[in-house]
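Respectively, the protein sequence lines represent chains W and Z. At position 131 of the first sequence (counting the first as 1) the number is 131 in the UniProt record's numbering, and the numbers step up by one without a gap. At position 27 of the second sequence (counting the first as 1) the number is 27 in the UniProt record's numbering, and the numbers step up by one without a gap.
If you are wondering where the hints come from, they were derived from the structure by calculation, not from laboratory data. Accuracy of the hints is not assured; some may be wrong.
[Stated by the list, open to error] With a straight-line cut-off of 25 Å between C-alpha atoms, the simulated SDA-like cross-links for lysine to any residue are:
#1 Z/Lys141 <-> W/Glu15
#2 Z/Lys64 <-> W/Arg11
#3 Z/Lys230 <-> Z/Met47
#4 W/Lys132 <-> W/Ser165
#5 Z/Lys60 <-> W/Gln27
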Amino acid sequence: MIDSSIIEGFRSDNEMFFKNFYKTYRQEFVKFLTKKGISTADAIEIFHESILVMRKKAFNYELQEIQVSFKTYFFAIGKNKAYDLLNRENKSIVFITDNLPATNDGATDEECNDALIEKIKKNLLSMGSACKKLLTSFYLQGLTIKELVITGGYENENTVRAQKSRCLKKLKEMINKDIHG
Amino acid sequence: MDKENLIEKYFEGTLTAEEKLRLDKLLESDIELKEEFNLQIAIKQVMISEGEPALKAKLKDLEKSYRSTNKQSISFLIKWPAAAILIIAFALVFIRTFTPKDVHEDLFLTYFTPAENIHYPITRGNVDNELKLAFSAYESKNFEQALILFKQLQESNEFNELKLYLGSSYLAIGDTENALEVLIITNLDDESSRYRIQWYRALALVKSGNVEEAKTLLNDLVINGDFELKKAQKLLEKLP
Numbered sequence: 001m002i003d004s005s006i007i008e009g010f011r012s013d014n015e016m017f018f019k020n021f022y023k024t025y026r027q028e029f030v031k032f033l034t035k036k037g038i039s040t041a042d043a044i045e046i047f048h049e050s051i052l053v054m055r056k057k058a059f060n061y062e063l064q065e066i067q068v069s070f071k072t073y074f075f076a077i078g079k080n081k082a083y084d085l086l087n088r089e090n091k092s093i094v095f096i097t098d099n100l101p102a103t104n105d106g107a108t109d110e111e112c113n114d115a116l117i118e119k120i121k122k123n124l125l126s127m128g129s130a131c132k133k134l135l136t137s138f139y140l141q142g143l144t145i146k147e148l149v150i151t152g153g154y155e156n157e158n159t160v161r162a163q164k165s166r167c168l169k170k171l172k173e174m175i176n177k178d179i180h181g
Numbered sequence: 001m002d003k004e005n006l007i008e009k010y011f012e013g014t015l016t017a018e019e020k021l022r023l024d025k026l027l028e029s030d031i032e033l034k035e036e037f038n039l040q041i042a043i044k045q046v047m048i049s050e051g052e053p054a055l056k057a058k059l060k061d062l063e064k065s066y067r068s069t070n071k072q073s074i075s076f077l078i079k080w081p082a083a084a085i086l087i088i089a090f091a092l093v094f095i096r097t098f099t100p101k102d103v104h105e106d107l108f109l110t111y112f113t114p115a116e117n118i119h120y121p122i123t124r125g126n127v128d129n130e131l132k133l134a135f136s137a138y139e140s141k142n143f144e145q146a147l148i149l150f151k152q153l154q155e156s157n158e159f160n161e162l163k164l165y166l167g168s169s170y171l172a173i174g175d176t177e178n179a180l181e182v183l184i185i186t187n188l189d190d191e192s193s194r195y196r197i198q199w200y201r202a203l204a205l206v207k208s209g210n211v212e213e214a215k216t217l218l219n220d221l222v223i224n225g226d227f228e229l230k231k232a233q234k235l236l237e238k239l240p
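Let's have the full structure, built from the sequences with the hints guiding it.
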């Protein structure tokens, strides 16, 4: 099980959390990979990439279901990244006795279309700030509709739902306009 | 429960196993719903990826400071072995004596993020407005500058809610004493401020090691409040 304060930390941009995290795990993680034949520079790069993977998983609620400890899981992500790197370089790597679990390092189970992603990026930028704030609070910060009533000063849950639906509709229209010229 | 509610719960992270199965089945059979769902997934992934460049830059900075700290301590150990032994001995005594303080500090660091500006939104125009300048500094995390401006504004007694942002700024720069002096709950506080001030006061108390008083505030927040309820509950469970 992964402690919820770690998951919350990855979901935040709390500088102190990342500073503490770096101080706690950097040395051991890099040592773990360099012992397997990865260069220090690559090990540091993998450490950074693994942190980004953990962040993504935290946002996608994938860490709540993990049954092993945080450290075991985090190091397994690093091991997989090391495999990927060495495969790209046509080298082999041996992790004989680490007993680390298999992990899925993809962002999410659902596949996203690259062209659609680009269009969303572009149109989110030009959206009104109220809509962007509402969508970010819901999709990224994971605030529930109930919480949005309080933080956004809405009348009730239905008002939030209606506003969210209007914002999504607006975004869809902008994307469609973009696709069809 | 209708389809929209299932999707809503998916993004809130509150789907039960049974509801997840229902949603999966619906997505297999309803093409329109699948399209709508995929669009929302894509929006979320874009939002997640938007924060990555900033985090990458932050990690590079952390690596730089990690290396420079490491380099300094290694060269010190080589040059001054006797002094290093004394320092290590002192550190061991220090750790044994002050471990509880570290626990409080760690808990504070885990749960503290500067208060979100909900009272004085920065809008276009009024470029020279002092309030806008203060919150621009605050939102850019330039807390020292924000404190100077907030203090000037506070003298006018016009902005009661400023104490929340003053307290939050003091906490961000590690000045717990002053934070506790300004984060005081009064009858003048409106509903939206009261429990925010209470949350940040509780955090300041945790940091200063005043656990019992922090627990009282957190318990009241969990029962009666409307802000950071989950975090307050978790913090309560972790407090020694």
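Taking the hints in turn, this is what the structure says about them:
no. : hint                  : verdict
1   : Z/Lys141 <-> W/Glu15  : 11 Å, holds
2   : Z/Lys64 <-> W/Arg11   : 23 Å, holds
3   : Z/Lys230 <-> Z/Met47  : 23 Å, holds
4   : W/Lys132 <-> W/Ser165 : 12 Å, holds
5   : Z/Lys60 <-> W/Gln27   : 15 Å, holds
The structure is consistent with each of the numbered hints, conforming to all of them.
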